[in-house]
Each structure stands twice: as structure tokens, then as C-alpha cells.
Amino acid sequence: AQSVSQHNHHVILSEAASLELGCNYSYGGTVNLFWYVQYPGQHLQLLLKYFSGDPLVKGIKGFEAEFIKSKFSFNLRKPSVQWSDTAEYFCAGAYNNNDMRFGAGTRLTVKP
Amino acid sequence: ETGVTQTPRHLVMGMTNKKSLKCEQHLGHNAMYWYKQSAKKPLELMFVYSLEERVENNSVPSRFSPECPNSSHLFLHLHTLQPEDSALYLCASSLYRLNTEAFFGQGTRLTVV
Numbered sequence: 001a002q003s004v005s006q007h008n009h010h011v012i013l014s015e016a017a018s019l020e021l022g023c024n025y026s027y028g029g030t031v032n033l034f035w036y037v038q039y040p041g042q043h044l045q046l047l048l049k050y051f052s053g054d055p056l057v058k059g060i061k062g063f064e065a066e067f068i069k070s071k072f073s074f075n076l077r078k079p080s081v082q083w084s085d086t087a088e089y090f091c092a093g094a095y096n097n098n099d100m101r102f103g104a105g106t107r108l109t110v111k112p
Numbered sequence: 001e002t003g004v005t006q007t008p009r010h011l012v013m014g015m016t017n018k019k020s021l022k023c024e025q026h027l028g029h030n031a032m033y034w035y036k037q038s039a040k041k042p043l044e045l046m047f048v049y050s051l052e053e054r055v056e057n058n059s060v061p062s063r064f065s066p067e068c069p070n071s072s073h074l075f076l077h078l079h080t081l082q083p084e085d086s087a088l089y090l091c092a093s094s095l096y097r098l099n100t101e102a103f104f105g106q107g108t109r110l111t112v113v
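So the sequences go chain by chain: A and B. FYI, the working numbering numbers position 66 of the first sequence as 66, with every residue one higher than the one before it. FYI, the working numbering numbers position 92 of the second sequence as 92, with every residue one higher than the one before it.
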């Protein structure tokens with residue numbers, strides 16, 4: 001079945017550390033990939049998306065993600081995190097002719 | 001603010017109660033969704049409406065009953081729920097059903113007692 005998985009359930013970093021959150025998607029044909037963020041008490045909002053073209057996509061707030069087809073991965077990165085990046089991050093995939101599927105989420109805690 | 005509004009924000013109900021969750025969007029989107037968010041589990045897609053017609057029901061128990069009276073409104077009717085149904089219920093909308101960005105509401109935190 002088409003699915004998206006996130007390996008890290010909880011990541012704790014200090015401010016200015018670099019961030020990489022893992023996301024893998026299962027094979028299932030054409031897939032569009034997304035990263036969403038949910039700040040405490042707020043709605044899910046889109047960070048970035050990949051449909052086609054340049055596999056390195058840049059999103060809001062300094063986040064970027066790289067689509068690596070050979071590894072079925074779409075990891076989220078940020079060179080230097082801030083305390084305000086504390087949130088839950090969700091990877092999602094929308095397979096061709098199918099609806100969006102989400103990973104379980106990764107909770108990021110950034111210590112000041 | 002995403003343009004997707006859910007009410008109520010919090011709901012506590014007994015197992016014999018009947019209640020409804022409401023979702024509203026004025027973004028001109030054609031597709032609307034209900035998701036269930038439980039701790040440490042992936043968001044579960046419950047229902048999909050495209051152009052006001054239900055196109056997917058991911059084996060959701062019949063105690064959850066969706067309704068989409070028009071393209072701007074979506075309801076989730078609840079009756080005889082179980083404590084394990086306690087979760088955050090998220091509504092989302094997108095311009096089209098497939099392969100487009102979804103905009104989410106803030107959710108309704110449901111507690112079944």
C-alpha cells in the first residue's frame with residue numbers, strides 16, 4: 001500500500017544546530033511530496049512541496065527538502081534552527097490518482 | 001489563518017450523545033476532507049468530498065457520518081462514539097481533489113467520556 005513514513009518521533013536540538021528530519025515514501029508511481037508544520041495550538045501549514053523539476057526545493061522560514069528518487073526519500077533540512085521552530089513536522093505524499101497520506105509526524109524541540 | 005474554520009474547537013461528549021462538527025471554507029476549493037489525528041499515529045484520512053460528492057470512505061465506522069451540503073461546508077455527525085474515538089479531528093480543503101496542496105483548519109479536540 002502507498003504510505004509515507006517518518007523515522008524520528010522526537011528530535012531535541014539546541015539553537016543554531018542543523019536539522020534533518022527523515023521521510024521515506026513507498027513506491028507507487030508518480031508522487032507529489034509535502035512537508036507540513038504544526039506549531040503548538042495552531043493549524044497544519046505547508047512548509048514546502050515537490051511536484052517535479054529541481055529535486056531541491058526551498059520553503060518558508062529557511063527550510064528546504066531534497067527529493068532523492070533512488071532512496072525514496074524526501075528529507076527536510078534547515079542549517080540553523082531557532083527556538084521558534086519547535087513544532088511537529090509532518091511529511092505527506094499524494095500518489096497519482098490517490099489522496100494525500102501522512103507520516104506519523106516528528107516532534108522537534110529546540111532548546112534556547 | 002488558513003481560510004478553513006472549524007467549530008467547536010473543543011467538545012466533550014458522552015457515549016450516548018449525538019453531536020456534529022462543522023467545517024467552513026471560503027477559498028473556492030472543490031475538495032474537502034476529514035482527518036483524524038491521534039497521538040503518535042499518522043493522520044488518518046476519513047472522508048473525501050469532491051464537488052460535494054463523497055468519493056472516499058476509508059473504512060470508517062458508521063458512528064461517523066459526514067455531510068457536505070455545499071462546496072463551502074462540511075459536517076461530521078457523531079453518535080454513540082467510543083472512548084477510543086477521542087482525538088483531534090481536522091478538516092482540510094484543496095482546490096482539486098488530487099495532487100494539490102491542502103489547507104487545514106485548527107481542528108476540533110474531541111473527548112468521549
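Warning: the hint list may mix true and false statements.
Straight-line Cα separation of at most 20 angstroms, EDC-like style, residue types lysine to aspartate or glutamate; simulated pairs [unchecked claim]:
| hint | chain 1 | residue 1 | chain 2 | residue 2 |
| --- | --- | --- | --- | --- |
| 1 | A | LYS61 | B | GLU101 |
| 2 | B | LYS40 | A | GLU15 |
| 3 | A | LYS71 | A | GLU88 |
| 4 | B | LYS41 | A | ASP54 |
| 5 | A | LYS58 | B | GLU84 |
| 6 | B | LYS18 | B | GLU52 |
| 7 | B | LYS41 | A | GLU88 |
| 8 | A | LYS49 | B | GLU101 |
Note that these hints are calculated values from the structure, not bench results.
Each hint, compared with the structure:
{"no.": "1", "hint": "A:LYS61 / B:GLU101", "in the structure": "18 angstroms, holds"}
{"no.": "2", "hint": "B:LYS40 / A:GLU15", "in the structure": "25 angstroms, violated"}
{"no.": "3", "hint": "A:LYS71 / A:GLU88", "in the structure": "24 angstroms, violated"}
{"no.": "4", "hint": "B:LYS41 / A:ASP54", "in the structure": "31 angstroms, violated"}
{"no.": "5", "hint": "A:LYS58 / B:GLU84", "in the structure": "39 angstroms, violated"}
{"no.": "6", "hint": "B:LYS18 / B:GLU52", "in the structure": "23 angstroms, violated"}
{"no.": "7", "hint": "B:LYS41 / A:GLU88", "in the structure": "12 angstroms, holds"}
{"no.": "8", "hint": "A:LYS49 / B:GLU101", "in the structure": "8 angstroms, holds"}
Checked against the numbered hints listed earlier, the structure breaks hints 2, 3, 4, 5 and 6; every other hint is satisfied.
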